[in-house]
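Residue numbers (our numbering), protein chains in the order written: chain H, 4 to 389; chain W, 11 to 283.
Hint data in this document are derived by calculation from the structure and do not stem from the laboratory. Cβ atoms here follow ideal geometry from the backbone N, Cα and C, with glycine treated the same way. Please note: incorrect hints may appear among the correct ones.
Stated by the list, open to error - Here are some of the chain W residues that sit facing chain H, going by a computed Cβ distance under 7 Å:
| no. | residue |
| --- | --- |
| 1 | 110 |
| 2 | 111 |
| 3 | 139 |
| 4 | 140 |
| 5 | 142 |
| 6 | 154 |
| 7 | 155 |
The residues making up each chain are set out below.
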Amino acid sequence: MQKVLTGNQSAAWGAMCAKAQVVSAYPITPQTTIIEELADIVAKGLLDAKFIKVESEHSAMAGCIGAQAAGARTFTATSSQGLALMHELLHWAALARLPVVMANVNRAMAPGWSIWTDQNDSLAQRDTGWLQFYCESNQEVLDTTIQAYKIAEAVNLPVMLILDAFFLSHTYEAVDIPGQEATSKYLPPYKPSIYLNVDDPHAFGGIVPQDIYMEFRYKMQLAMDEALIAADKADDDFKAMFGRGYGVVEEYRLDGADYVLVTSGTVTSTTRTVIDDLQEKGHSVGLLKMKMLRPFPAEKVRKILSGRKRVAVLDRNISVGMGGVWSQEIRSVMYHLPEDQRPPIYDYIVGLGGRDVTPEFIEEIALDLEKRPVKDCDQVWIGLKE
Amino acid sequence: MAAPYTKYLRMNRIPHMWCPGCGIGIIVKALTRAFDALEWSPDDLALISGIGCTSRAPGYMNMHTLHTTHGRAISFATGVKFARPNKHVVVISGDGDASAIGGNHLIHACRRNIDMTLVIVNNFIYGMTGGQYSPTTPVGARAATSPWGNIDIPFNIAELAKGAGASYVARGHVGSGVQLERLIRGGLDHKGFSVIEVLSNCHTQYGRRNRLADPIDLIDHIAKSTVNIRKAAKMSDGDMEGKYFVGLIHKDENRREYCKGYEQVIERAQMSK
Ligand SMILES: Cc1ncc(C[n+]2csc(CCOP(=O)(O)OP(=O)(O)O)c2C)c(N)n1
Ligand code: SF4
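My request is simple: use the sequences and hints to build the entire structure.
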């Protein structure tokens, strides 16, 4: 079935296809319409789910954790300040190994109040133990929501899928909604091995002494390693069934390219057109789209970027005092390579607080990359006003 | 009487973002008149808010202002009061801001009885985010998140504040600006934690969903659902069903104010050295 949906509606329809059983949420712009759409879907009887409308995001995640621990498939969505408020419970969900799925609409952090997009909210949650997937189109939002459950439940870790405020959340596109029967085959009902069950009682959230705490963390790391495989498999299976796949990273016109632009989120779509133009003009430049931040697809990135002349990472975020987060991640995985295979990696800061990242800016980056001195690669701010 | 408003407003920030006819304007006006009646200088005033339509007020007001995070205005304000105990600290907050996400801070500020004034704009809904029900939405009322009617039983904010220990509690409404100014002035002048709940109209988000889309109709509806506290005392519970009593609900001048208590404990500690 084809429908014209916003990015937010696509997330809601994804949760519907995945048959989420409990939805717990608190409103925040620009996430609100995800939950409103889901409420509508439930009211129409298209989804048999319970709705908990709570008094804060902290409680929203607590509601999901409780329901998930009781054996239900859960969904929530938030953005920016709301995600920040959840922080304590993001750790909780991950460390308790509960496969909660959440959509986060990327919105800039305050103060300097803004409702527009950048990635600082979700990137600040990088170390909580959640898997993170950055989406480029509404179709990808819907498909990733379904895939998210498949991956989360395979490795018992929570998954966050991420979409840009307004550029995706409130923009309409034609979206294909997979049939319920096929989706149920792709994603069978959630069957946790351990859950709150009166017939087989367990204690959750106990105190862990020094002699085993580390082992719990190690097991999470192993689960993240497994997630690298589970994410590929979920995408391959999805493609086999529905004809669409995305890859945890995607190479776009990279064959033989000397220069590489690395993007995530909606900046990717704009960059595709710039790459097309530049290649036509004879520039040797291609695109690497990063979809997955955690677990970090280190092997894939190394393989794609090794031996290139130069790499530009477009970071719609800033870890102030250090630089863009994606560029730090990429540099650190490339460091292991022999020097002659390790291209200089330049960090371009773009589009904070929802400022447009126009084709002109992206072209400026691509051309700048070809001639910038090697040492001068720490941070380049694009489109800054005087 | 010459209008004192401009003294307390940042005229260069007008026009404001509120919908035409929004009750928040009436409340801001009552606040400025109360400040003026007390002859308080903008320099001695700190106005602090959280997030929401209501919480945009400090942006338009000419005094020390702090626009903080959703639900936490009272905590920020407590910091301001402790750092500058001689300043007048006023918090303005929506019903969601003050009683949902920030409900915990509300009851604890009441309990401590710290000297500041909290004006809660109760428009029965989350205005800014598009009309989701709040802890004060009446049972049966429609909201974006309760299209078939709300089933949550609402807070009575004024009673909650009184029960939690606030030493000045009043309730007014946007249909009566003069009374509202008087109640706010009383709260500002009181030494202790003062809570003034103001029933207000959000015709855009609440009214439209509840057949009261016109601001005048909604203000009228609010006015008609209020009963003066003295009259209410003589009415039966049945007659008060769905009604809100308005006026000065509670005032206790003997309850120890928190900054005072803090000073005393420091004095005691230093004397024992
Ligand atoms: C942590 C966090 N969660 C959610 C929001 C989104 N949000 C902004 S205002 C608001 C509610 C506003 O309602 P209310 O407090 O009643 O004020 P009103 O707009 O009606 O004046 C919400 C949920 C936010 N800013 N921060
Ligand atoms: S949405 Fe409601 S509370 Fe907000 S400005 Fe409009 S009328 Fe006022």
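List of violated hint numbers, smallest to largest: Of the numbered hints, all hold.
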